[in-house]
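**Student:** Sequence:
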Amino acid sequence: MDRDIDITEQLKNLIKDYDFNVETLSKYLELDKNQINQLVDGNISFLPNDNEYRFNLFNKISFLYCSAIDEKDVKLDAFLKVLLSYHNISKKTISKMSGVDIKEIDKFLSSKKSKISVEDKYKLAITTMSLRFFLKDVEK
1 MDRDIDITEQ LKNLIKDYDF NVETLSKYLE LDKNQINQLV DGNISFLPND NEYRFNLFNK
61 ISFLYCSAID EKDVKLDAFL KVLLSYHNIS KKTISKMSGV DIKEIDKFLS SKKSKISVED
121 KYKLAITTMS LRFFLKDVEK
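Following the numbering used here, the numbering of the sequence shown begins with 1 at its first residue and continues without gaps.
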C-alpha cells in the first residue's frame with residue numbers, strides 16, 4: 001500500500017479494503033455518512049474552508065490508514081518511546097507491568113526487534129497500548 005495516496009483514496013481504502021465501519025468513521029471524523037461518501041468520491045467542496053479543520057480531518061484519516069499499512073513493530077516502538085520520554089515511565093515500570101525483562105525491552109528498542117519472542121512482543125504491546133490509552137488525556 002502507498003502511504004502517499006491522496007486522502008480520499010485513503011478513506012476509500014479504509015472502507016473497501018479493510019471493511020472499516022462507516023458508523024465508526026462518522027463518529028470519529030464528525031461527518032455524516034453522506035459527507036463520508038462525498039469524500040470517498042473525491043468531493044471536498046462541502047468542507048469548511050478552514051485550513052486547520054481540514055488539516056485535522058485529513059490527519060485523522062491518515063492516522064487510521066497508516067494503522068493498516070505501517071509495520072507493527074515500528075508503531076509499537078514509537079508508542080513505547082512516548083511512554084518512556086514524554087510520560088517518563090521507566091523501563092523498570094514497563095517491565096514489571098508487562099512481565100517482560102528489561103533486557104528484552106532494550107532489544108526491542110534497538111535494532112534487534114526480531115530477536116525477542118512473539119509472546120514478549122505481545123505482552124509489551126498490550127501494556128504499552130493500555131498505558132497510552134489511559135494516559136492520552138494528558139498528552140498535549
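Errors might be hidden in some of the hints.
Listed next, with one range per pair, are the computed distances between beta-carbon atoms [stated by the list, open to error]:
(1) ASN88 with GLU30: 28 to 36 Å
(2) SER85 with PHE46: 16 to 24 Å
(3) VAL138 with SER114: 31 to 39 Å
(4) PRO48 with GLU71: 18 to 26 Å
(5) PHE133 with VAL22: 17 to 25 Å
(6) LYS103 with ALA68: 13 to 21 Å
(7) ASP77 with ASP137: 36 to 44 Å
Straight-line Cα separation of at most 20 Å, DMTMM-like style, residue types lysine to aspartate or glutamate; simulated pairs [stated by the list, open to error]:
(8) LYS72 with ASP120
(9) LYS12 with ASP32
(10) LYS107 with ASP120
(11) LYS16 with ASP32
(12) LYS91 with ASP101
I should point out that these hints are in silico values taken from the structure, not numbers from a laboratory.
No experiment lies behind these values; they were computed from the predicted model shown.
Glycine residues also receive a C-beta, built at the ideal position from the N, C-alpha and C atoms.
**Student:** Taking the hints in turn, state whether each one holds.
**Tutor:** Here's how the hints hold up against the structure:
A beta carbon spacing of about 33 Å between ASN88 and GLU30 agrees with the range 28 to 36 Å that was offered as a hint. Taken as a hint, the range 16 to 24 Å is violated for the pair SER85 and PHE46, whose Cβ atoms sit roughly 40 Å apart. For VAL138 and SER114, the Cβ-Cβ distance of about 33 Å falls inside the hinted range of 31 to 39 Å, so the restraint holds. The given range of 18 to 26 Å is broken by PRO48 and GLU71, whose C-beta atoms sit roughly 35 Å from each other.
Checked against the hint of 17 to 25 Å, the C-beta distance between PHE133 and VAL22 comes to roughly 24 Å, which is consistent with it. Between LYS103 and ALA68 the C-beta distance comes to about 32 Å, which lies outside the given range of 13 to 21 Å. ASP77 and ASP137 have their C-beta atoms about 23 Å apart, which leaves the hinted 36 to 44 Å range violated. About 14 Å separates the Cα atoms of LYS72 and ASP120, which keeps this hinted pair within 20 Å; it holds.
With a C-alpha separation of about 15 Å, the suggested pair LYS12 and ASP32 falls inside the 20 Å cut-off, and the hint holds. Taking the CA atoms of LYS107 and ASP120, the gap is near 11 Å; set against the 20 Å cutoff, the hint holds. At roughly 18 Å between alpha-carbon atoms, LYS16 and ASP32 fall within 20 Å of each other, so this suggested pair holds. For a cut-off of 20 Å, the pair hint linking LYS91 to ASP101 stands: about 9 Å separates their Cα positions.
Violation of the numbered hints given earlier is confined to hints 2, 4, 6, 7; the remaining hints are satisfied by the structure.
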